[in-house]
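Let the sequences and hints guide you as you build the complete structure.
Residue numbers (the numbering used here), protein chains in the order written: chain A, 1 to 378; chain B, 1 to 378; chain C, 1 to 295; chain D, 1 to 295.
Simulated from the structure, these hints should not be mistaken for lab results. Computed from a predicted model, the values in this text were never measured in an experiment. Think of the CB as a built atom: it goes at the ideal place given N, C-alpha and C, for glycine as much as any other residue. Worth double-checking, as some hints may not be accurate.
[Unchecked claim] Reference excerpt, derived from the structure (chain D facing chain A, CB under 8 angstroms, subset only):
no.: 1; residue: Gly-42
no.: 2; residue: Ser-85
no.: 3; residue: Phe-116
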Amino acid sequence: MDIHEYQAKEILRASGIPVPPGEIATTPDEAVAIAEAYGGTVVVKAQVHSGGRGKAGGVKLAATTSEVREHAENILGMTISGFTVGKVLVTPAEDIDTEAYVGVLIDRKAQAATFIVSAEGGIDIEEVAHSDPDAIHRLTVDPRYGLMRHQAYGLANSLYEDPALVKQAAKIIHQLYAAFTSSGASMIEINPLIVTVAGEVKAIDAKMSLDDSELFRHPALLEYRDLSAEPAAETKAREANLSYVKLDGNVGCCVNGAGLAMATMDLVKYYGGEPANFLDIGGSSDPEKVISALEIITSDSNVKVILINIFGGITRCDDVARGIVEATTRIDIEPPIVIRLTGTNDKEGLAILAEAGFSAFSSMDDVVERGVEMAKAG
Amino acid sequence: MDIHEYQAKEILRASGIPVPPGEIATTPDEAVAIAEAYGGTVVVKAQVHSGGRGKAGGVKLAATTSEVREHAENILGMTISGFTVGKVLVTPAEDIDTEAYVGVLIDRKAQAATFIVSAEGGIDIEEVAHSDPDAIHRLTVDPRYGLMRHQAYGLANSLYEDPALVKQAAKIIHQLYAAFTSSGASMIEINPLIVTVAGEVKAIDAKMSLDDSELFRHPALLEYRDLSAEPAAETKAREANLSYVKLDGNVGCCVNGAGLAMATMDLVKYYGGEPANFLDIGGSSDPEKVISALEIITSDSNVKVILINIFGGITRCDDVARGIVEATTRIDIEPPIVIRLTGTNDKEGLAILAEAGFSAFSSMDDVVERGVEMAKAG
Amino acid sequence: MAILVGDDTRLVVQGITGRDGSFHTLQMMEYGTAVVAGVTPGKGGQTFEGPDGAGVPIFNSVDEAVAETGANTSVVYVPPAFAASAIEEAVDAEISLVVAITEGIPVQDMARAHAFARDHGARVLGPNCPGVISPGKAKVGIIPGNIVTPGPVGVISRSGTLTYEAVVHLTNAGVGQTTCVGIGGDTLIGTNFVDVLEAFADDGDTEAIVMIGEIGGTDEQEAAQWVQENLDIPVVGFIAGQTAPPGRRMGHAGAIISGSSGTAEEKMKAFEESGIAVAKRPVDIVGLIQSALSA
Amino acid sequence: MAILVGDDTRLVVQGITGRDGSFHTLQMMEYGTAVVAGVTPGKGGQTFEGPDGAGVPIFNSVDEAVAETGANTSVVYVPPAFAASAIEEAVDAEISLVVAITEGIPVQDMARAHAFARDHGARVLGPNCPGVISPGKAKVGIIPGNIVTPGPVGVISRSGTLTYEAVVHLTNAGVGQTTCVGIGGDTLIGTNFVDVLEAFADDGDTEAIVMIGEIGGTDEQEAAQWVQENLDIPVVGFIAGQTAPPGRRMGHAGAIISGSSGTAEEKMKAFEESGIAVAKRPVDIVGLIQSALSA
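What follows is the structure, encoded as structure tokens:
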């Protein structure tokens, strides 16, 4: 789960990391009031789950009240990478001397949290990695020992020469790791970590993703979920324990298993169609899930055909068949449905479908070909 | 540093372990007032840094107010293993079904914290180890992983059969380990860990030692030091950063290095004398330490002769010589002093001594022989 | 022969009394797997009723199960919050192969469990994997027993049902398998493609390999390199997720294109450059494997 | 020959700018030890002034010191609160021998540092030890250089000044040493008697060993057993603390009789039963070693 900059900053602040103050405004009036309370120059920052906010015009310096109002008016309601800006963060501007980058994320290969730091901050770290790979320092934290004192100092030494700055940075790196483990994060990025002209090290921008699988341990963090920042269908899918990603095509896909779901989308494309979505009903056999899945797919008005592809394993075909039949009686499904059903309890499933007047394919290629055909026709 | 039962219980309670309430009384009146507030039967328990309190009559059940008063009067002021009882803990009596033992300590060989648990509790664990070694279960905690969930359950399984008790015990074992690491303990013992007739697992007695070397990280725990529970000379030694242990002989020893100090005591015995103390002035070269050491030794009225044995390494002989001379001018030292001084800067040291009218031996055997002779003569 | 599981497998099921655990224990026993013990804390002493009146003793801990039954392999159906601990328990009890079926285990839990397994020299398969089946010998996990058949092909996959899709085509075409291994779709998995490739390379009977990857990470690229440098037998590959958009997690925690890295395109390219025949559709795997076997 | 330190030793001093660190660095350099680097965080780039105008470069980290100077051994004079971290830093920088002089390091810090060293195959000597000296070759730590002389006897001790007491008697009697090793008086030490005995056994030149123990723990008993089972050269032993009362810590954190365990009596008995000649007084070590050498 991605969270907003202002939320990430709350977590970092709670871990002791120096982060300038800031408040959230949802209207230009609120933004102006916050800026006036701070006095002086402020920064107005769009709060959306996307990088590149600066380039998109979503981050603006404002020296006067009228500038604050103007920027807040422009940014609120703006669309950045498909996300509509509903909130801005208003925060006092800092006198910046230098900018660095400090990030920590789960590294697949090292199977552990890994720090990435660079004295070149304030810009996209992938660009730095490309243009000047030596400017980037990596450190994998052994989960058996956690971040060790000398390692935090080692990273800090690669950022600064001045011992006073090294000491501040080492402390921040420790606090960042503590925030990472205690919040069940999968990624935290401070970019930039600045040195002010007064010689203080501070985090002035932050990005953070939480591990969905660990959220159950952190009920307070669940409050950070911004439902306005995700499409209603995805919210519904998550609540029903389904994986759903909306795409731009018209062949609605309902599949069990992530790999098979991706392969089904790929096959739709192979046969000349365009998938409308990724949807994995998972390994369970709950007919309710099938009903939710069909509701979610049909909420997309682009969908011309619903393609159900089930290979029973844990999922039992009879349960899926029951869900399909139940869904068609309970909700109004306009697009036609094509079904492929094979694997565990497929005979029972096919019988249930037949009774309700559905037929089903046994081959994945056949069902996809037919689905694409119908989408084109419809 | 050993702490009292009631202090250990405060730490365990703060870690979430179920511990019955209890309050401290220093007078019989206070004990009665506490018991009346609880109502019902209470236990009156001597608070001293010693095991075997029960056998010594320092733990008594009191069903009535007059019994509380009687026991408090008897226990307060009582001497147990050389410690005078200044405080009693008054705590409600529990309805005990079974008693177990749970302890955790630093194991030298495993180089890590090690749990020792036994379903046979309430008695001396060393006796159980002797009479029924199979009743004892040990588990070393790998410091890299901490106590793992399955390990806590494994220990709990060895204590109880009933899953409800196992669950409570596993939780307590986890909390105990957390208390151990977060307080910098070297030993915590819950004996007994009881099951009440109502099926609750509780810690009703606790013993705890803190690692002196880690106390600097836990300033709050320093408050637990009970100066009334240690001789004034040891308090003074600790404050002066000296190691001092009082013994029963009359040859006062002042040595640099723990091994040499013990060997000096042994040699006193070898030559027919009895050491009055162990005293290690440590590796530093601070003349003030020598002065404190001589003050502490002379505070023991048994001391007939002061034997100074210095082998300079880190410790420089001239510093020690300066300390001796300074001490003899600053404080009134009655017993005669015999000195052995060799090693780093011994020539300078001997010169300083000579100027002040002291002579010194170069051999340890010679100085000890002479010291013992003088103690016998004096 | 076969890899990972076979005639020597003595299985303990962790979470045997749960909904999934009990269902799949029956399936595994029906397939002929030697399920020698079950573990559910607090239910030690009870017996799990298998098919045809066979009973499986239940223990409070894996430790006891191993001591009493000589179990050497475990399968984990424990809920996510406790699953990493269950894996650690199995490793600590000197189980040499732990197959973790559970989906949704916190990543930081798994970082620790994987480290613990490495320290003890134990192999973890998964988590969030369908398990492993050696046709005619043993099934550990949830791969349906009726879609496999003994034969010369080794199958490795990050996916569950997509594996079934591939395997059933092979079986229908009369091409049997030595072992089918699902390595799991999580970000941190214990056994990766190269580990399984090495095992197949050492297995005398595996004559060709099917490797099914998906978007996210670089495991397939490393596997391709390993194949090129070390493997003598032919490999057929398939990658799912050509139509997946970047930055979105496609069901599996590990199936996500980060920036421009981890795409299906680069993985297919790596396969082709390493001499791995790439199937365009799952069904095409059959023809490619048949020509590889007859080459 | 010699053990642990010798002609190949390239030393980095951690805490070189501190009071003890700077004093003993001078002493070590005067003895002829190759002190190639110092470390004090925040003082990187400065130079430590050695005797006769020799300069030692100071670095911010051991890592840098090793990279720039090829240091292979470190000695730690860092204050107790940061000493365990300094040991870990040296181990992480692939230093193979870390000599920890610091007294008063928290025990739980050391449990972690020792685990880290074991994981990396590094040897930690100490903490709370006087270090090691190979007469005429190298001195790492605080053992006075003027009391030792080259010769055939290996010395191992838990104590500092008591070792000096023993060694000076040997030297005065013309009996030189291959290496004198102080293993330290703390509860958790990295290198124990058996480790050093093994090293002496592999050293071609050590013809007899002096082993000086004290009350507390069972290291001496295990050493005695190892001597009996494995060692071909004679050993002379001494145990301090015959007059120590039980339950009281005698200066060293590790020097404490727990209940009835760890007494001088049982250690002397173990020595005798293993054929180790036990000296009653430190001075008696000389005669016993001389007869051992001439036997």
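Worksheet item: Hint numbers the structure violates, sorted upward?
Response: Hints that this structure does not satisfy do not exist here, as all of them hold.
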